[in-house]
Amino acid sequence: MKFQFNVMLLSLVLLTISGCSDDDDNIILDSPVNETVTENESGNDSSLLSFTVKLDNLTQSQPLSPFAFVVADSSYQAWNLGDAASVALEVLAEGGDNSQLTEAALEQGFIIDSMEAPIGSGQSNSIILDISENTPAYLTAVSMLVNTNDAFTGITAFNLMNLTIDESIRLYLPIYDAGTEANSELAGTIPGPADAGVGFDVARDDLDRVTRHPGIVSQDDGHSESVLKEYHRFLGNAAMITIERTQ
Amino acid sequence: MKKTLIIFSALTAMLPQAHAQNLDITITNLTHGLYNTPILVGAHRADTHIFQVNSAASTQIQAMAEGGSIDALVTQLESIDAAIISNPADGLLGPGASTSITDFDTGTNTYLSIVAMLLPTNDGFIGLDAWKIPEEPGNYTVYLNAYDAGTEANNEIVVDGSGASGVLGIPANPGANGGNGATGVTTTEENNLIHIHRGALGDTDLTGGVSDLDSRIHRWLNPVTRVVVTVK
Chain L
5 MKFQFNVMLL
15 SLVLLTISGC
25 SDDDDNIILD
35 SPVNETVTEN
45 ESGNDSSLLS
55 FTVKLDNLTQ
65 SQPLSPFAFV
75 VADSSYQAWN
85 LGDAASVALE
95 VLAEGGDNSQ
105 LTEAALEQGF
115 IIDSMEAPIG
125 SGQSNSIILD
135 ISENTPAYLT
145 AVSMLVNTND
155 AFTGITAFNL
165 MNLTIDESIR
175 LYLPIYDAGT
185 EANSELAGTI
195 PGPADAGVGF
205 DVARDDLDRV
215 TRHPGIVSQD
225 DGHSESVLKE
235 YHRFLGNAAM
245 ITIERTQ
Chain V
712 MKKTLIIFSA
722 LTAMLPQAHA
732 QNLDITITNL
742 THGLYNTPIL
752 VGAHRADTHI
762 FQVNSAASTQ
772 IQAMAEGGSI
782 DALVTQLESI
792 DAAIISNPAD
802 GLLGPGASTS
812 ITDFDTGTNT
822 YLSIVAMLLP
832 TNDGFIGLDA
842 WKIPEEPGNY
852 TVYLNAYDAG
862 TEANNEIVVD
872 GSGASGVLGI
882 PANPGANGGN
892 GATGVTTTEE
902 NNLIHIHRGA
912 LGDTDLTGGV
922 SDLDSRIHRW
932 LNPVTRVVVT
942 VK
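Chains as they are written, first to last, in my numbering: chain L, 5 to 251; chain V, 712 to 943.
Don't take every hint at face value.
What the hints assert, rightly or not - Coverage of chain L stretches by chain V, computed from C-beta distances (three or more under 8 Å per stretch; other residues unrestricted):
1. 61-73
2. 125-134
3. 240-246
Said to hold, decoys possible - Residues from chain L that keep clear of chain V, each with C-beta distances beyond 12 Å, as calculated:
4. A88
5. Q104
6. S118
7. T168
8. R174
9. F204
10. T215
11. G226
12. T250
Rather than coming from a laboratory, the hints here were simulated on the basis of the structure. Beta carbons: idealized from backbone N, C-alpha and C, even for Gly.
Whole structure, please, built from the sequences with the hints as guidance.
In structure tokens form, the structure reads like this:
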């Protein structure tokens, strides 16, 4: 019982660090503060589950903003197809800023993490998620395609407990449209290097529903006022996520 | 040497997935305007990949993706004792067409890979990378993306002989339904690794423009191929 109590204290300390710092990549995040740490019958440290999560950017020229990670219970959905995006998701999808999304999840008592930097095309990055046994473990990973108005890619409410130790799974991540900003492709509206324009704008001038993304047009395909070029185009999926359970 | 062999046999006997498998496979070209060059189907062990996304294409993959040649890939797979079906469609597989393989004995190989070039593209290909063959009998459907080998700029100009590595261009347009005299879409590529193809640009100018491809015909959305595997 003493051991479990120490684990709980450790959780509190680590969560405090992550809550105060922008530099929390790879910090071990344990169970939420309000989680009851349950008796470990075997008496060893097997109560810790560990996952390596790798993201590969498979686009031609769409850097992916720093991925946000949330490990929550099954009720948490960072988005629902057909529903309006939360403001936190809008901020992420229009400007690549994931801080509101992770802060909101943290306030709900969920485990959060974030990559420190964007992932360029042809690049990859990994994080390690450590989770106490009996903690609900539904993963959300989400990022903006920065050379767009409001496209994002990711996965939400994926049950990590489906994986056994040493098992891994590869999934392609679809591209969604937050529906909060018209896909004008105009100068000044796209935050990525193609434009260096404005990211988040509080106005909602599109469908106000999350859908799959229709793709960009680009100036090379007849939209003469677009700041995007043919090499910014994409089809269907932007990234591959590889989740491996190591413990 | 003898000891090694004995250990290997013992391991083989213990691993349930090492049972020989017998498969039927049907491959369907789902595109509206693209062709597959000769298709390569290989069953191999877990530690083998003939391609991986976000990795540089091997010279064997480059030869397949730029010119449709699977000879070097066959040699590579033979060297690792893979089970191979080479060119099941006996040439090109056109839009909407299917090809079927029956009684494919994978031996002790338990992972499946499939590749073929997409025409008319510069270096686009269909790909299945090390898909674990299920042990339970049944029908399994897998949809494939179109990948860009990252080895050639997608200039979209049809050039005779450009299937050779290092020669820029689309080697052929089997449908003979495109244009000519294009100036070229691009001469550079930002992502030189294997990635999801961004699609063809094309244009509607059959005697010029930037592309020899017709944007009304040679466009696609993923998936581009359906694979139905029957484990018997």
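Hint check:
1. Under a criterion of three residues with beta carbons nearer than 8 Å to beta carbons of chain V, the stated coverage of the stretch 61-73 of chain L is upheld, 5 such residues being counted.
2. With 4 residues bearing a CB less than 8 Å from a CB of chain V, the stretch 125-134 of chain L meets the requirement of three and the coverage assertion stands.
3. Restraint check on the stretch 240-246 of chain L versus chain V: 4 residues with Cβ-Cβ distances below 8 Å, three needed, restraint holds.
4. Taking the minimum C-beta to C-beta distance to chain V, about 26 Å, the non-interface status of A88 of chain L holds against the 12 Å cut.
5. The claim that Q104 of chain L is not at the interface with chain V holds, since no C-beta of that chain comes within 12 Å of its own (minimum 29 Å).
6. Every C-beta of chain V lies more than 12 Å from that of S118 of chain L, the closest at about 21 Å, which supports listing it as non-interface.
7. Taking the minimum C-beta to C-beta distance to chain V, about 14 Å, the non-interface status of T168 of chain L holds against the 12 Å cut.
8. Distance check on R174 of chain L: its Cβ comes as close as 9 Å (rounded) to a Cβ of chain V, failing to clear the 12 Å threshold; non-interface status is violated.
9. Chain V leaves F204 of chain L outside its interface by the beta-carbon criterion, the shortest separation being 26 Å against a cut-off of 12 Å.
10. Consistency note on T215 of chain L: stated as away from chain V, and its beta-carbon is indeed over 12 Å from all of that chain's, at 15 Å minimum.
11. Distance to chain V contradicts G226 of chain L as a non-interface residue, since its nearest Cβ pair spans about 9 Å, not more than 12 Å.
12. With a least beta-carbon separation of about 17 Å from chain V, T250 of chain L lies farther than 12 Å from that chain, consistent with its non-interface assignment.
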